[in-house]
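Since each chain comes alone in its own frame, lean on the hints to assemble the complex.
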Amino acid sequence: MKTTVRSTALLAGLLCATALPAYETGGPAYTKRVETNLLAEPKPLAGAVGKLGYGRKVKIAEVRGSWLRISEGAVSGWVFAGNLSASAPDESKGLDGLPVAASETTATAAARPLTPAAADYAVRRNLTGAREDLDWLLTECQAITPEDVEAYLQENKKGEFQ
Amino acid sequence: MTPRFLLLLAAVLSATLAAQAQFDFGKLSKAIDKAKEVKDAAKDASKVAKGAAGIGIEEEKVIGDSVAVEVIGLYGGLVRDEAIMRRVNLVGRALARYSDRPALEWRFGVLDSDQVNAFSAPAGYVFITRALYELAPTDDLLAGILAHEIGHITGKHALNIIRRDELFSGGGSLLGKYSGDFREAKSKASSLDAQLQQFDIGVGKITKTLLESGFDAPTEYKADQTGRDLAKLTGYAPGGLRAVLAQLQKNAAKPKSVFSTHPPLTERLKRLPNDPAPVAVEPAAPAAEADNKPAGENK
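So the sequence lines, in the order shown, correspond to chains A and B.
In terms of the working numbering, the first sequence opens at residue 1 and continues consecutively.
In terms of the working numbering, the second sequence opens at residue 1 and continues consecutively.
Here chain B stands alone, though its shape is the one from the complex (with noise of 0.2 Å):
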């Protein structure tokens, strides 16, 4: 046999088995159909679903955009001034770009909360509410609050939430290949939607310690040594994060609703070096004239 018929051959076998898999398989379609768009919407999340054998950029970006949207709707949306926008990512961008995960993708918000509070989530976000906002007239006080929480994201300490707690163990792949029967099909879809309740308990369970229990303390005065020591590399003055806390001790009437979610502020003066407060030089666009919008339906 020549190389060319047997080149022949293997086309019409091909073809062959193409036209018999389409018939064999053709009532299953549907159920294929069904079991694929779950599929598609669970790409993302099945690699989340890989769990402690290593989070990538592409899962941790998943994870990152789920909690963003938690937090935007539980804290009253996003403060949608162009000017403050501009600033905090300025600002923040100028930190990140000198942090250990410069290539993330960083951005930077305000929410609409006069809780006195900031938040990160994996993948380069950072939210400060608008009362802290308001409490950082200078970029260096600025530059304080938002390297704390770059310390937390390069630090990865909201994946280790999930790590610790097991949540996405033995997911397996979702992507496995729907072939054979309908019952096999259908059976995989189901599996697919229990994996995305996994995924979507896992991002609560995140959004739940960011938003009510917070760090552990030891995280937290972590990412206070890692934002000081990141503010000062970049030139900003070192002591903006405790002058900012110093100055909510000194203020705090309503002491639950100033940094709920992160220790003492007792504790946390005590444990960062004593550096100067910076001086103030420039004041920062008021918030409260913002165009604001209403928030997520979940406040």
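So here's chain A without its partners, still in its complex pose (with noise of 0.2 Å):
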């Protein structure tokens, strides 16, 4: 009996250091998103009790399930683990003077046709046909939307919604 208790302890010990091993009370989570909504409750459709911008440091106050409730000076509530990194945001610069992580935030500003520099490497690589491929792919991907995916995560339980 006492290896049982001993066996589902270390079994219920092993499960939750897998769930979420980056995050525990008290310890740094940092925000990476352009703008991260906190919740009043640890739910997706919670109300909004505050917001954080790019790359902020945040306390762990708590952990729930897959949820965090953070805090940074006098701003608190609840995050999906999902919505936060365990890492700082890279703080090298690149030539332009720039830190590296902080363009990730514009990375989507606006859908994009093939870059110039690569179409004129398809051509100088005679792969017109690839390159059309590309193409469709990118008008493909453009037709998802931001909120075709929210639906997709809503409708299978995913992310914030499990």
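Check each hint, because a few of them may be wrong.
[Unchecked claim] In silico SDA-like links for lysine to any residue, alpha-carbon gap of 25 Å or less: (1) B/Lys156 - A/Glu35; (2) A/Lys57 - B/Lys208; (3) B/Lys222 - A/Glu132; (4) A/Lys43 - A/Glu132; (5) B/Lys208 - A/Glu132; (6) A/Lys157 - B/Ala280.
Hint data in this document are derived by calculation from the structure and do not stem from the laboratory.
Shown next as structure tokens:
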């Protein structure tokens, strides 16, 4: 019996350890979106009580399943763990002098065609057929909106909708 | 002198200098235009040439687009089936949303190939072959495969190839101003050509690593672990990738055509947590019925 209890405890410990290995109460986490909403409750449709910008270091006040209650100064609220990062943003700078990580926030500012340099590359490499395929992919991907992805998550109970 | 007069004088001087400059450099315009053509084509490539000092998102897009074109060309083109494309992209973007690079423009495609493999390219491109897609009839299995590739992109593993090999070191900026005499303009155009050549070599190097030699084993194990954690966090069964690998190990009649660019399946399985295989629920649209299209020329 003693062995069984010990085994059960070990198993439970292992399960907890593999659920969210990087986050623990009192530890840090970092925002990774341009804007991260802090919610009143650990539920995806709960009301927002605050918001934080990109790359902010926050303190984890509580862990409840895949949800974290975090705080930064006077701001406090719940965030789905997938909306945070366990590691700090890359502070290294490109030759333009700007932090490399900060440029990440502008990656999806607008849907874009193939970059001109890559289009020229395709011509130089005689890859016009492949380029047509890639153009098709870019067009198809553009047709799938963030709202479509959100609906998929809700319907399939993924992400914060689990 | 009044300020008004000074302003007038400055305007006259500027206009005179501009006219003078136009006259002086008029003969050189043809050469400079030619140089500018090359310069424009190389505008983004020049950023790549910055090398290890830091590759920003714009540079990564140029590299990613170019590598993606190569991968599609060398691997039989894309399966042009909207249902398959939509499924792969919904699962992929659901995962990517919770990755460490959620703002990337993530694109997921299926390569029209009988080989079992998957690839990623910088800037958010993930490709799996048709043969591998057919082995993932449920979203849990598909998520396991895609999350591994997402792990390569968030870890910037392909970009690290450039840093290590220093193919772009000493590139300098290609966007220097085109001024001076004809010889200088010509010399700069020649330098731009050299930079383009260097860029092509760099893209070729990344493509070769992705398609032939693959990443080193520790990098693959890291992507396995990162992918497994991402799938679990997103709500997919954590054993998705493991189940696909186990299935491949069981069926591998032609081991060389199965994940040939990855470490041995036994080693990968040994390192992954012993998660149970996901329960099969939904069948995927058969890729064989897709309205396929011939690939790029470089088969």
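Tested hints:
Restraint check for lysine 156 of chain B and glutamate 35 of chain A: satisfied, since their Cα atoms lie roughly 23 Å apart, inside the 25 Å limit. At most 25 Å may separate the alpha-carbon atoms for a hinted pair to count; lysine 57 of chain A and lysine 208 of chain B exceed this at roughly 39 Å. Proximity of lysine 222 of chain B to glutamate 132 of chain A is assessed by CA-CA distance (about 34 Å); at most 25 Å being required, the pair is judged violated. A threshold of 25 Å between alpha carbons decides the hint, and for lysine 43 of chain A with glutamate 132 of chain A the separation of about 43 Å lies outside it, so the pair is violated.
Between lysine 208 of chain B and glutamate 132 of chain A the alpha-carbon distance is near 22 Å, which keeps this suggested pair within the 25 Å criterion. The suggested pairing of lysine 157 of chain A with alanine 280 of chain B holds, with an alpha-carbon distance near 17 Å, which does not exceed 25 Å.
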